[in-house]
Amino acid sequence: MSTAAAPGTGELTKEDMLEHYRVMRTIREFEERLHREFATGEIPGFVHLYAGEEAIAAGVCAHLGPDDYVASTHRGHGHAIAKGCGVKAMMAEIYGKKTGLCHGKGGSMHIADLDKGMLGANGIVGGGPPLVCGVGLSAKVRGTDQVGVSFTGDGGSNQGTFLESLNLASVWDAPCVFVVENNGYAEATSSTYHQKGVDVAKRADGFGMPGIVVDGHDFFAVHEAAGEAIRRARSGGGPTLLECKVNRYFGHFEGDQQTYRAPDEVESIRATRDCLDQFVKRVTSAGLAEQPDLDKIDAEVAELLDSAVAEAKAGPDPTGEDLLTDVYVRY
Amino acid sequence: MARTITFQQAINEALASELERDNTVVVLGEDVVGGAGAPGDDDAWGGVLGVTKGLWGKAPGRVIDTPISESAFIGAAVGAASSGLRPVVELMFVDFMGVCFDQIYNQAAKFRYMFGGKAVTPVVVRTMWGAGIRAASQHSQALYPLFTHVPGLKVVVPSNPYDAKGLLIEAIRDDDPVIFFENKVLYAMEGDVPEESYAIPFGEANIVREGGDVTVVAIGRQVSLAQEAAERLAADGIECEIVDPRTTSPLDEGTIFESVETTGRLVVADEANPRCGLASDIAARVAEECFDSLQAAPKMVTAPHTPVPFSPALEDLYVPSAGRIEEAVREVAGGVKAAAT
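Keeping their order, the protein sequence lines are chains A and B.
Letter by letter, the first sequence follows residues 1 to 331 in the working numbering.
Letter by letter, the second sequence follows residues 1001 to 1341 in the working numbering.
Here are some chain A residues the structure puts well away from chain B; computed CB gaps all over 10 Å:
1) Pro-66
2) His-194
3) Asp-199
4) Gly-208
5) Gly-237
6) Thr-259
7) Ile-269
8) Ala-286
9) Asp-295
10) Ile-297
11) Gly-315
Result set (DSBU-like, lysine-lysine): computed pairs, CA atoms no more than 35 Å apart in a straight line:
12) A/Lys-140 to B/Lys-1053
13) A/Lys-296 to A/Lys-98
14) B/Lys-1118 to B/Lys-1058
15) A/Lys-313 to A/Lys-98
16) A/Lys-140 to B/Lys-1118
17) B/Lys-1118 to A/Lys-88
18) A/Lys-140 to A/Lys-202
19) A/Lys-88 to A/Lys-116
20) B/Lys-1118 to A/Lys-313
21) A/Lys-313 to A/Lys-88
22) A/Lys-281 to A/Lys-202
23) A/Lys-14 to A/Lys-88
24) B/Lys-1118 to A/Lys-116
25) A/Lys-88 to A/Lys-296
26) A/Lys-14 to A/Lys-116
27) A/Lys-296 to A/Lys-313
28) A/Lys-281 to A/Lys-116
29) A/Lys-202 to A/Lys-116
30) A/Lys-98 to B/Lys-1118
31) A/Lys-98 to A/Lys-116
32) A/Lys-140 to B/Lys-1058
Covered stretches of chain B (in silico footprint by chain A; criterion: 3 or more residues with CB under 8 Å from a CB of chain A, positions within the stretch not fixed):
33) 1057 to 1069
34) 1167 to 1178
Since the hints were derived computationally from the structure, they do not count as laboratory data.
We put the beta carbon where it would ideally sit given N, CA and C, even for glycine.
Make a model of the complete structure from these sequences and hints.
Structure, rendered in structure tokens:
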């Protein structure tokens, strides 16, 4: 159990900076749009927004290639974007359209793109960690240097699947990283109650692997710790548990009135700890990016989301024929 | 060339030949090697009943012991199937599905559909089922109807050594998740099995015995019991046509309907519990599709709606016997005679 050292901007180039910023800004814009669009009643079903946690998806996935796999959660839009899934196809999926990434059959909670190594958002809390043990096994048996990363919330870290997976990955020395996005709430129940407020990373000790806590609002802290964990996994050093302390800006799902949170809780976090604000301050003061570069990205992202939403709304619904396809490869 | 081997050896042969043919095939589960990390022989057990004995030496690194963590290792098999392997994972007794079912029916079964047709999940879950060895309530159930109910899973219930080998090879080569049910009473059953590799397609029922009077659809171990009953009935001039579906998903309804259209009478023999089981499903489908051909109400021979009892005196009453199948056939055949007079 150790805490990552205060991270610097190290070997990151301007190009890298702009790319990381674009990923985080795209996630933020995607979620803010969904928040507004959901209120119009046009989006079917449940939507769980990732806003506030962008530094984690961006900081971890920056170290992954398309051959590496991530298993996500019900709050999965950020992981999908950071792993390279198409933003327009994702938006169309959330609107339930045939043009969606999963042809409208998955929705927000099941966005996946195996070609990009995105094993799926997951409607089952704790559903993902066993899957990445399998990715690790697959990489070992086939002799590749692929890595599997699972994202789990603080709520999910209480599931048996999570704890069993830590043990299995450890037993197999599997190239896996278990990222816990501890946003302080399992739905509406505080982590001070549901896990006594104890760091999830401490559980790593019990399974013979390193457990690390970082500030999940700090891109550079996540990026550095994740980089070390992923390098370790890739080089045969086995799994790591990486806990990122963070906050979500919206409710458990859209429509959640969040009466369980203090009235000014989100406002004060947004004002003082926002991952994008912090990132911008760091890179501009270090001379790694100029404000106009970032403004340009903001404009491009806004434009992308404008057309993503417009195209999603205009996209065709799946038809009755689509209901019956893709159950089996062959039947 | 065929020689006589047991059901258990047939399973072992299928695994050995596929491990040799395709190096993305892995076998994993509790004690499938047996003895990993222990001071004695590394492959001490080869599975709790010895079914996977010897595989570890033939495919080093691809026959893998797991902790007793069904959720994690069944899920790992699913994740491995999504990322380049063809895992054959052992869920020792199907009763243990209670601690890992999410990874099977919510994950593996749904990936292809909910990911828009892009996912392929070539995983096989081998599992033991069935009453008859005094293993009591939590090691004896016939739970294939639960899996048959789930779209996205294929379900195989072999009744003899020849089918066991050919169907397991097919299962490993299939790109969909397959649940492969091995009846532990049948492990010692002997039969002619070719040495070479062969695959039996899914969804093709086997007509085990031809006959014109009563169609008997029998599942798994019930097939050999139905054969026993049919011998006795033939002596009295009642000819059974025994249909072994071999896979309950996909189910070869065509062969069943065709047979019932000829005989006009149906008995289904199924060791599962009666409510929402294979027997009730097949009887309902026959009533729906072959109503005009039926000359008597279909009859279901199943276990009672109870857990599996421990006491030998009770367990022997629980599993449908050849005698019960015989009685059911006489009833449906008798119904016809009564109507004719």
